[in-house]
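Kindly produce the complete structure, drawing on both the sequences and the hints.
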Amino acid sequence: MSMPPYWLSFRVVEQGRTKFRLWLPLFLLWLLLLPLLLIALALTLIADLLSILACKKPGFTRFLLGVLNTINAVKGTEVHVQDKSSKNQGVAFTLR
Amino acid sequence: MGDDRNRILDLLASGRISTEEATRLLDALDAKAGKNDGDEEAAATAKTGWPKFFASGDKDDTKTDADAKSDKAGSGAAPKYMYVKVVSQKGDNVNVKIPLGLLKAGIKLTALIPKPATEQINKAMAEKGMDFDINNLRPQDLEELVEAMREMEIEVDSNNGDTVRVYAA
Numbered sequence: 779m780s781m782p783p784y785w786l787s788f789r790v791v792e793q794g795r796t797k798f799r800l801w802l803p804l805f806l807l808w809l810l811l812l813p814l815l816l817i818a819l820a821l822t823l824i825a826d827l828l829s830i831l832a833c834k835k836p837g838f839t840r841f842l843l844g845v846l847n848t849i850n851a852v853k854g855t856e857v858h859v860q861d862k863s864s865k866n867q868g869v870a871f872t873l874r
Numbered sequence: 017m018g019d020d021r022n023r024i025l026d027l028l029a030s031g032r033i034s035t036e037e038a039t040r041l042l043d044a045l046d047a048k049a050g051k052n053d054g055d056e057e058a059a060a061t062a063k064t065g066w067p068k069f070f071a072s073g074d075k076d077d078t079k080t081d082a083d084a085k086s087d088k089a090g091s092g093a094a095p096k097y098m099y100v101k102v103v104s105q106k107g108d109n110v111n112v113k114i115p116l117g118l119l120k121a122g123i124k125l126t127a128l129i130p131k132p133a134t135e136q137i138n139k140a141m142a143e144k145g146m147d148f149d150i151n152n153l154r155p156q157d158l159e160e161l162v163e164a165m166r167e168m169e170i171e172v173d174s175n176n177g178d179t180v181r182v183y184a185a
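These protein sequence lines map, in sequence, to chains A and B. Each residue of the first sequence is one higher than the last, beginning at 779 in this note's numbering. Each residue of the second sequence is one higher than the last, beginning at 17 in this note's numbering.
To be clear, the hints were calculated from the coordinates, so they are not data collected in a lab. Yeah, the Cβ is synthetic: ideal placement off N, Cα and C, and Gly gets one too. Hints may be right or wrong, so weigh each one.
Where chain B lies over chain A, by a calculated footprint (3+ residues, C-beta under 8 Å) [as the list claims (entries may be wrong)]:
#, stretch
1, 780-794
2, 807-814
3, 819-833
Straight-line C-alpha distance at most 20 Å; calculated EDC-like pairs for lysine to aspartate or glutamate [said to hold, decoys possible]:
#, chain 1, residue 1, chain 2, residue 2
4, A, Lys865, B, Asp20
5, B, Lys131, A, Glu856
6, B, Lys106, B, Asp178
7, B, Lys120, B, Asp149
8, A, Lys853, B, Asp178
Shown next as structure tokens:
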């Protein structure tokens with residue numbers, strides 16, 4: 779499994795100069811969310827166990843892992859928008 | 017490569033380098049591994065902090081057909097990113113880079129959609145004229161699909177000089 783994005787950066791450039799810059803250390807957020815993830819994992823495992831006992835197909839843990847995988851997959855996303863015609867402004871959004 | 021990245025993050029965490037310097041170093045690392053994104057573009061990013069696409073904002077920044085073909089011929093590996101580039105004559109440009117891993121993860125998630133929901137999705141798509149069964153989206157076929165995307169390129173040139181390019185690399 780790949781790692782989730784560590785940083786989110788958001789940058790606004792106006793007239794060639796950086797007007798606003800935001801760096802969000804996502805790795806800190808993941809650390810904070812880790813206990814919640816472990817609780818969710820335990821709950822999904824219990825739910826899957828109950829599903830098996832009820833002769834139903836278990837899928838809760840797979841779903842949770844799928845969601846985590848999707849979050850990991852957004853790493854590397856970059857969006858750059860440049861508006862030269864009116865304000866000569868640029869916006870960059872990056873997930874690393 | 018991972019060690020270098022961690023070292024830069026450690027330096028940033030210990031306050032020995034600024035976030036600006038860390039960005040440049042991380043960009044330089046990306047430029048080094050820039051085979052996927054195009055060496056030239058990544059190097060320009062490392063130098064200026066902005067992708068080459070925005071360095072001048074001119075139409076010339078988009079790769080020519082010959083460049084794109086040589087890139088594709090040179091890289092035998094499966095593409096990792098999908099690019100959407102919009103270059104307008106007025107200078108209003110959009111550059112989007114989406115990891116193809118996101119597509120893979122999304123398709124894997126579709127396998128977990130409950131059957132009644134997939135039936136509803138198929139029905140709704142059929143009503144819109146799309147004869148497509150969402151159950152046919154199998155993760156096994158993904159590699160083939162992603163590999164085939166290497167050959168895909170959509171290029172739209174409008175009358176007023178605006179261009180849209182969608183490709184995977």
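Status of the hints after comparison with the structure:
For a cut-off of 8 Å, the count of residues in the stretch 780-794 of chain A with a CB near a CB of chain B stands at 4, and the three-residue condition holds. By the rule of at least three residues with a Cβ nearer than 8 Å to a Cβ of chain B, the coverage given for the stretch 807-814 of chain A is violated, with 0 such residues. With a cut-off of 8 Å between beta carbons, the stretch 819-833 of chain A has 0 residues touching chain B; three or more are needed, and the interface restraint is violated. Between the alpha carbons of A:Lys865 and B:Asp20 the distance comes to roughly 38 Å, so the proposed pair goes past 20 Å and is violated.
Taking the CA atoms of B:Lys131 and A:Glu856, the gap is near 34 Å; set against the 20 Å cutoff, the hint is violated. Using a Cα cut-off of 20 Å, the hinted pair B:Lys106 and B:Asp178 holds, with the two alpha carbons roughly 8 Å apart. With a C-alpha separation of about 17 Å, the suggested pair B:Lys120 and B:Asp149 falls inside the 20 Å cut-off, and the hint holds. A hinted pair counts as satisfied when its Cα atoms are at most 20 Å apart, and A:Lys853 with B:Asp178 does not qualify at roughly 29 Å.
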